[in-house]
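Protein chains: 2
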Amino acid sequence: MSKLRFALVPLVFAVASSCAQADDAVEKAVDYRQGVMNVYAYNATSMGDMVKGKTKFDAAAFARYAKDLAAAAQLDVLAGFPEDSINDDSDASDTIWLDWVKFQDKHKALQEQSAKLADVASEGDESAMKEQFGKTAKTCKGCHDDFRN
Amino acid sequence: MSKLRFALVPLVFAVASSCAQADDAVEKAVDYRQGVMNVYAYNATSMGDMVKGKTKFDAAAFARYAKDLAAAAQLDVLAGFPEDSINDDSDASDTIWLDWVKFQDKHKALQEQSAKLADVASEGDESAMKEQFGKTAKTCKGCHDDFRN
Numbered sequence: 693m694s695k696l697r698f699a700l701v702p703l704v705f706a707v708a709s710s711c712a713q714a715d716d717a718v719e720k721a722v723d724y725r726q727g728v729m730n731v732y733a734y735n736a737t738s739m740g741d742m743v744k745g746k747t748k749f750d751a752a753a754f755a756r757y758a759k760d761l762a763a764a765a766q767l768d769v770l771a772g773f774p775e776d777s778i779n780d781d782s783d784a785s786d787t788i789w790l791d792w793v794k795f796q797d798k799h800k801a802l803q804e805q806s807a808k809l810a811d812v813a814s815e816g817d818e819s820a821m822k823e824q825f826g827k828t829a830k831t832c833k834g835c836h837d838d839f840r841n
Numbered sequence: 693m694s695k696l697r698f699a700l701v702p703l704v705f706a707v708a709s710s711c712a713q714a715d716d717a718v719e720k721a722v723d724y725r726q727g728v729m730n731v732y733a734y735n736a737t738s739m740g741d742m743v744k745g746k747t748k749f750d751a752a753a754f755a756r757y758a759k760d761l762a763a764a765a766q767l768d769v770l771a772g773f774p775e776d777s778i779n780d781d782s783d784a785s786d787t788i789w790l791d792w793v794k795f796q797d798k799h800k801a802l803q804e805q806s807a808k809l810a811d812v813a814s815e816g817d818e819s820a821m822k823e824q825f826g827k828t829a830k831t832c833k834g835c836h837d838d839f840r841n
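Each protein sequence line maps, in turn, to chains A and B.
Under the numbering used here, the final residue of the first sequence carries the number 841; numbering is consecutive throughout.
Under the numbering used here, the final residue of the second sequence carries the number 841; numbering is consecutive throughout.
Simulated from the structure, these hints should not be mistaken for lab results.
Owing to the predicted nature of the structure, the values given are computational and were not obtained by experimental measurement.
A virtual CB, placed ideally from N, CA and C, is assigned to each residue, including glycine.
Treat each hint with caution, since some may be false.
Said to hold, decoys possible - Straight line, CA to CA, 25 Å or less: simulated DMTMM-like cross-link-like pairs of lysine to aspartate or glutamate:
| no. | chain 1 | residue 1 | chain 2 | residue 2 |
| --- | --- | --- | --- | --- |
| 1 | A | 744 | B | 768 |
| 2 | A | 746 | B | 768 |
| 3 | A | 746 | A | 823 |
| 4 | A | 746 | B | 750 |
| 5 | B | 748 | A | 797 |
| 6 | A | 720 | A | 823 |
| 7 | B | 720 | A | 797 |
| 8 | A | 720 | B | 723 |
| 9 | A | 720 | B | 750 |
| 10 | A | 720 | A | 786 |
| 11 | B | 746 | A | 797 |
| 12 | A | 748 | B | 837 |
| 13 | A | 720 | B | 776 |
| 14 | B | 744 | A | 786 |
| 15 | A | 746 | B | 715 |
| 16 | A | 748 | B | 775 |
| 17 | B | 833 | A | 838 |
As the list claims (entries may be wrong) - If you want the footprint, here are the derived chain B segments under chain A, 3+ residues with CB under 8 Å:
| no. | segment |
| --- | --- |
| 18 | 716 to 729 |
| 19 | 756 to 766 |
Assemble the whole structure, with the sequences as input and the hints as a guide.
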């Protein structure tokens, strides 16, 4: 028994260490994806506040936010949702992993609409910017409705 | 006195509401800049782990991380450091606002080195990638040494 116990010690450490590494990897992925979401949110709400009249409309600032939202949408955020992060304590719904293709499509929709928004915003037409902002914001909401707890 | 008190009520509410809005703005900025830093960190440490041999070197994955780090470095992270966030509880050192020009320069250094890293990585030469990664990582460390608590 004593021999067996000693033989098990390295195994237990190896498993524990492997679990700790897996935990670290999940934590890193969750931090990353939440970071990307924070970047989305900052830019989207800054534009949204202008659209709603909560802050003064500033076409140049709006264009910067639109450019950064489009750039952030190009980041590989899907890498931040590894399968083993399905049960973490974040707001990510399990349905992400149950319907991965749909989740990817939602991300593509954000990429497309935010790219259009950046284009439109670079031209400076306020009403066109507000209209395209609405379409972009819908892609945020569409994803949150389905995939955020 | 009673009249004065009633007269003061709207003023107090206005000041309180204004402070709450300022707090919200600071919180939003801090969430944003920490989000950007998380995106930097995810990509930089993923490459760093390969460089250190903690994970297997994968040129294609490295190139994706390098591309995303360069893209994140182009985000307007400086907007996430408004002057009134000088006393928040984040890791941002007060020296950021005391030496803003130097802080901007550090950000420019990251932009330049990470752009070079993305270029080098797209060509797939492992030793060149590792060398340029070292130069890029130095810009992270250089900024953290001076401006992170």
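Original post:
If you check each hint against the structure, which ones fail?
Top reply: Checked against the structure, the hints that fail are numbers 4, 5, 6, 7, 11, 12, 13, 14 and 17, while the rest are satisfied.
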